[in-house]
Amino acid sequence: MTNSITDLAGSECIFIIGSNAAESHPIIMGEIYKAAEKGGTIIVVDPRRTAVAENAHIHLSIEPGTDIPLLAGMMRYIIDEGFYDREFVDARVDGFDDLKEFVAEWSVERAAEECRIPAAVIRNVARIYAEAAESAIVYCMGITQHACGSANVTALCDLAMLCGHVGTEHSGIYPLRGQNNVQGACDMGALPNVYPGYQDVSDHAIKAKFEGAWGRELSGSPGLTVTEMIRSAGREIRGLFIMAENPALSDPDVTHVAQSLASLDFLVVQDIFMTETAKFAHLVLPGGSFAEKTGTFTNTERRFQLVRKAVEPPGNAKDDFSILCLLGTAAGLDFSYTDPRDVMTEIARCAPAYGGVTYERLERQGLQWPCPHEEHPGTPYLHKGRFTRGKGLFVVPRHTPPQEMPDDEYPFYLSTGRMFAHYHTGTMTRRSPFLNRETEMAYAEMNPLDALGIGVGEGDTIRISTRRGSIIVAVRVTCRIASGSIFVPFHFTEARANVLTNPVLDPQAKTPEFKVCAARLEKVIDR
Amino acid sequence: MNLVRTICPYCGTGCGLLLRVVDGTAVATYPDREHPVARGHLCIKGWTAHEFIHHPDRLTSPLVKKGDSFKEISWDDAIKLAMDQLLGIAGKYGGDAVGGLSSAKCTNEENYLFQKMIRAGFHTNNVDHCARL
Numbered sequence: 001m002t003n004s005i006t007d008l009a010g011s012e013c014i015f016i017i018g019s020n021a022a023e024s025h026p027i028i029m030g031e032i033y034k035a036a037e038k039g040g041t042i043i044v045v046d047p048r049r050t051a052v053a054e055n056a057h058i059h060l061s062i063e064p065g066t067d068i069p070l071l072a073g074m075m076r077y078i079i080d081e082g083f084y085d086r087e088f089v090d091a092r093v094d095g096f097d098d099l100k101e102f103v104a105e106w107s108v109e110r111a112a113e114e115c116r117i118p119a120a121v122i123r124n125v126a127r128i129y130a131e132a133a134e135s136a137i138v139y140c141m142g143i144t145q146h147a148c149g150s151a152n153v154t155a156l157c158d159l160a161m162l163c164g165h166v167g168t169e170h171s172g173i174y175p176l177r178g179q180n181n182v183q184g185a186c187d188m189g190a191l192p193n194v195y196p197g198y199q200d201v202s203d204h205a206i207k208a209k210f211e212g213a214w215g216r217e218l219s220g221s222p223g224l225t226v227t228e229m230i231r232s233a234g235r236e237i238r239g240l241f242i243m244a245e246n247p248a249l250s251d252p253d254v255t256h257v258a259q260s261l262a263s264l265d266f267l268v269v270q271d272i273f274m275t276e277t278a279k280f281a282h283l284v285l286p287g288g289s290f291a292e293k294t295g296t297f298t299n300t301e302r303r304f305q306l307v308r309k310a311v312e313p314p315g316n317a318k319d320d321f322s323i324l325c326l327l328g329t330a331a332g333l334d335f336s337y338t339d340p341r342d343v344m345t346e347i348a349r350c351a352p353a354y355g356g357v358t359y360e361r362l363e364r365q366g367l368q369w370p371c372p373h374e375e376h377p378g379t380p381y382l383h384k385g386r387f388t389r390g391k392g393l394f395v396v397p398r399h400t401p402p403q404e405m406p407d408d409e410y411p412f413y414l415s416t417g418r419m420f421a422h423y424h425t426g427t428m429t430r431r432s433p434f435l436n437r438e439t440e441m442a443y444a445e446m447n448p449l450d451a452l453g454i455g456v457g458e459g460d461t462i463r464i465s466t467r468r469g470s471i472i473v474a475v476r477v478t479c480r481i482a483s484g485s486i487f488v489p490f491h492f493t494e495a496r497a498n499v500l501t502n503p504v505l506d507p508q509a510k511t512p513e514f515k516v517c518a519a520r521l522e523k524v525i526d527r
Numbered sequence: 528m529n530l531v532r533t534i535c536p537y538c539g540t541g542c543g544l545l546l547r548v549v550d551g552t553a554v555a556t557y558p559d560r561e562h563p564v565a566r567g568h569l570c571i572k573g574w575t576a577h578e579f580i581h582h583p584d585r586l587t588s589p590l591v592k593k594g595d596s597f598k599e600i601s602w603d604d605a606i607k608l609a610m611d612q613l614l615g616i617a618g619k620y621g622g623d624a625v626g627g628l629s630s631a632k633c634t635n636e637e638n639y640l641f642q643k644m645i646r647a648g649f650h651t652n653n654v655d656h657c658a659r660l
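Chains as they are written, first to last, in the numbering used here: chain L, 1 to 527; chain X, 528 to 660.
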């Protein structure tokens, strides 16, 4: 994210789109409530009336997959009425004419029709966002998990730059990262196209630098993403090493994922539990939990933080650092690290953005990157005065409707996501007695009208089917969800939401379209 | 009472927490008042972060698949088997026939070592993690 979590409390307007922070990021939601207490306006865009929406000043319950029409309509109105930040756009952003040409196609009325929100409401939120002294945008998977996820993000960046709401303390763009160290995994180059510090693998000079540092010849062609690797398993991909991930439950269309994993010549899974994925492995290595390791996690505001070992791994399990040292050595590499601290020294040496990070400096408050040298205090917010590329750039966000829309055969919108008591594939939270007592079984949220339509009530079971497969799950009847849509959390192995999801990807980010597919519902008669 | 200051293993907020350790067992979680983001708060998942650590389902030995079931093997044999097989595949089909999924649950240091192992060990950039899911 461009800014820091606690800066949100000082924003005059917070525009939340595709994030249920009240359930998925409760502590960040606390900062949003603080902004509201100080008189800030909270605007929420979400097809569901989530807990965030309940507590917002304005909730736009848009039609699923119509984020770009909404944002384009807002930008059109902001430009037409002269609410944009002319000075900021002139001085700091290229491509304004392209943006104007694009939004010319999107009158507020056309946007209103597409997203089924009254034009007056779109004008109102556009004006509030644009005219506030400092406005922040908060988004999450509701924006990215679409076939046009990258374009959705681009549209949000355009909106922020148009209104000059970036580069100051309480403005900015806040993608809320879902996993404790998803920021760090990206930062460390666990991505197919970049080395640590987002250095391009296909850049000759950079490749040469890493070849020098690691003493091996490296490949200059970008690799495959997770979904692509799984899809080509048994063909292009013959051997796979999976460390602490559970694609057999978390990837779209898991029936095919299972076939792919089963067709590998060799699969190694390193994890702390026998996950759905580990069951397919030829070899399982017992790793360490967070409590058993020393190292660092980087949170969603780019803050490196120290993780301290509290207990020993159980039995013969080892922390993952120790296992990787053994594996790297067996692969013939110089992995003679004695402590994770040695690895941080190497990271700081080869990735300029983290050059000033040392364990000593992380001891109290951590450090937010970029932090290029040891005297650098870290960076609480980005883009002050200039963007990374110098001037910012308006990129035109082309609208692509969801790739599978409801029809006669599959008349419902299906969306998947998270709920407050559980986490991702549930391997940890479902083994926590307290959390499991809170929510112990899978469910689907359904509008009362639809429940009436198929003759089911609270707790009854239904079969949800899509073109990929079907699951049987209990119903929760709630007005949180609009008629014509259902929502299924993906944490539950006994009713795998990802049996249903559509494996279509955003062409740029390769993120699956988890937020929209078409489904059919039937009552299950108890025998 | 031994309190270890560390970071929550769940979402990307990265709240500070204190694990209470008694006789080598984490028995409770407390919020960290000095943490710059959480400032003494935790959510329901954070408060219960110690509950899965010592669960009886934890894996405690390397396991190799024999038929339909798994059999315990030593670390030496497990490491040798992993690298013999994966390097064998890379030798036969090329490095791009091997892939690695690193983890948003693991530390920066572990992610760094993982991608270095895949890139330098197998001559491929087939390394990714679940950021998109």
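Calculated directly from the structure, the hints in this document are not laboratory data.
If you're wondering where the values come from, they're calculated on a predicted model, not measured in any experiment.
One or more of the hints may lead you astray.
[What the hints assert, rightly or not] Mimicking DSSO-like on lysine-lysine, the simulated pairs with C-alpha atoms at most 27 Å apart in a straight line are:
| hint | chain 1 | residue 1 | chain 2 | residue 2 |
| --- | --- | --- | --- | --- |
| 1 | X | K593 | L | K391 |
| 2 | X | K593 | X | K619 |
| 3 | X | K592 | L | K209 |
| 4 | X | K593 | L | K279 |
| 5 | X | K592 | L | K38 |
| 6 | X | K598 | L | K384 |
[As the list claims (entries may be wrong)] Here chain X is said to cover these stretches of chain L; the calculated rule only asks that three of the stretch's residues, wherever they fall, bring their Cβ under 8 Å from a Cβ of chain X:
| hint | segment |
| --- | --- |
| 7 | 32 to 46 |
| 8 | 94 to 107 |
| 9 | 219 to 227 |
| 10 | 370 to 381 |
| 11 | 507 to 513 |
All residues carry an ideal CB built from backbone N, CA and C; glycine is no exception.
Do the hints match the structure? See the list:
no.	hint	verdict
1	X:K593 to L:K391	59 Å, violated
2	X:K593 to X:K619	24 Å, holds
3	X:K592 to L:K209	40 Å, violated
4	X:K593 to L:K279	12 Å, holds
5	X:K592 to L:K38	59 Å, violated
6	X:K598 to L:K384	57 Å, violated
7	32 to 46	violated (count 0)
8	94 to 107	violated (count 0)
9	219 to 227	holds (count 8)
10	370 to 381	violated (count 0)
11	507 to 513	holds (count 4)
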